[in-house]
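S.K.: My request is simple: use the sequences and hints to build the entire structure.
Chains as they are written, first to last, in my numbering: chain A, 1012 to 1215; chain B, 1012 to 1215.
Treat the hints as calculated values from the structure; they're not laboratory data. Do not take every clue at face value.
Any copy will do: because identical chains look the same in the list, a pair fits if it lies in one copy or spans two.
Unchecked claim - Straight-line Cα separation of at most 25 Å, SDA-like style, residue types lysine to any residue; simulated pairs: (1) K1088 with Q1178; (2) K1170 with D1077; (3) K1017 with S1053; (4) K1035 with A1145; (5) K1035 with R1067; (6) K1017 with E1051; (7) K1171 with R1054; (8) K1017 with G1120; (9) K1173 with A1154; (10) K1046 with E1020.
Number of protein chains: 2
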Amino acid sequence: MNFSSKLLEQAVAEFGRLPGVGQKTALRLVLHLLKQPETEVSRFTEALDRLKREIRYCATCHNVSDTAICGICASPKRDGGLICVVEDTRDVMAIENTDQYQGGYHVLGGLISPMDGVGPSDLQIDSLVKRVEAGGIHEVIVALSATMEGDTTIFYLYKKLKDFGVQISTIARGIAFGGELEYVDEVTLGRSIATRVPYERSIA
Amino acid sequence: MNFSSKLLEQAVAEFGRLPGVGQKTALRLVLHLLKQPETEVSRFTEALDRLKREIRYCATCHNVSDTAICGICASPKRDGGLICVVEDTRDVMAIENTDQYQGGYHVLGGLISPMDGVGPSDLQIDSLVKRVEAGGIHEVIVALSATMEGDTTIFYLYKKLKDFGVQISTIARGIAFGGELEYVDEVTLGRSIATRVPYERSIA
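M.R.: The structure is reproduced here in structure tokens:
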């Protein structure tokens, strides 16, 4: 692109570095901000600067938090003996939105992915093992994406945790609610027949 | 969404205010920035702050510029008697990328749109009239979008400029290169038959 201004070009380059934002979108966003009053733009940049400077992670579950221990870990209403292991804070938000879960979390911060150079030591796995080792945990639910990286990570966690005598579960895989059978891929369909559940349990 | 952190929520809200960025995308972008080193994030916010603080607009054509007069207006190689009127700086970039145009520009900063409360006085129309009035201009090419707002603006500009004895042109409308006839809408097809050009001209 031919930029008439170096400042504009730099701002577009910075936006273009964000995931899923191409040059044209970056330019559109930057020109939008340029049309806004200066206070709007400084509010935008300040929110990001503050986030980066002041954000903390819960010492127990490693979720994003404003306090040393996050609200979920600190809540006496939640089952402290139940841990749901997730990839990142978005998954915590998704599960919290279901209103179906009353235990705690453990945020790994990623998935094991040798292709991307992410090994077990880059993730919050040791601290999970320590939490389980410390006792008082009766079940660990592993809620990771159904991808190769997710499956590798589940397998690794299972090996690390299986000797502590806690129940290790994974979330159910199968046909989504509202999904039509004929459009489901064969792996999912085959697995969901193999892992069929008694009807009484499916409506519980 | 249930945010575990106010800081995170604020940053997501700010991103979500950008055009075409929903809550989920905003969260994805913010979490991406959160994973980056602090220097990356400050480079991002600084580029935006500097852009907003230091950006200038060319005193002649009102295009975004780092200098008082932009590179195009200052260039002795360009035809100063030819002005191409566009909506914003993106259009200047698009036309410059064609390498087909060697005149100057005039950036209106928007289109007349009563629905959005944008009237002629909100745009750089008076300064265009003054440029033409000052003399030395032989042709004004109006290159605006083929929308109702674009057509309204062209009509207004035509009324304002027609008495100065300059040629006023609009860019050609018609079937795009590579466009298949059967998929063209009937307005475009009808107009492109009405404004047909001699074959010799079309291959010039």
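S.K.: Could you run down the list of hints and mark each one as holding or not?
M.R.: Hint check results:
Taking CA atoms no more than 25 Å apart as the test, K1088 paired with Q1178 passes inside one copy only; the shortest distance there is 21 Å, against 77 Å between copies. Taking the closest pair of Cα atoms, K1170 and D1077 never come within 25 Å of each other, the shortest separation being 33 Å inside a single copy and 60 Å across copies. Proximity of K1017 to S1053 under the C-alpha cut-off of 25 Å is found in both arrangements, the shortest distances being 20 Å within a copy and 18 Å between copies. In this homomeric assembly, K1035 and A1145 never come within 25 Å of each other (Cα to Cα): the closest approach is 52 Å inside a single copy and 36 Å across copies.
Taking CA atoms no more than 25 Å apart as the test, K1035 paired with R1067 passes between copies only; the shortest distance there is 21 Å, against 34 Å inside one copy. For the identical chains of this complex, K1017 and E1051 are neighbours both inside a copy (22 Å) and across copies (19 Å), given an alpha-carbon limit of 25 Å. Taking identical chains as interchangeable, the C-alpha atoms of K1171 and R1054 are never at most 25 Å apart, the minima being 45 Å within one chain and 40 Å between chains. With identical chains, the CA atoms of K1017 and G1120 are at most 25 Å apart between copies only, with a shortest distance of 20 Å across copies and 36 Å within one.
Proximity of K1173 to A1154 under the C-alpha cut-off of 25 Å is restricted to the intra-copy arrangement: shortest distance 17 Å within a copy versus 69 Å between copies. Taking the closest pair of Cα atoms, K1046 and E1020 come within 25 Å of each other both inside a single copy (16 Å) and across two copies (24 Å).
When the structure is compared with the earlier hints, violations turn up for hints 2, 4 and 7 and for no others.
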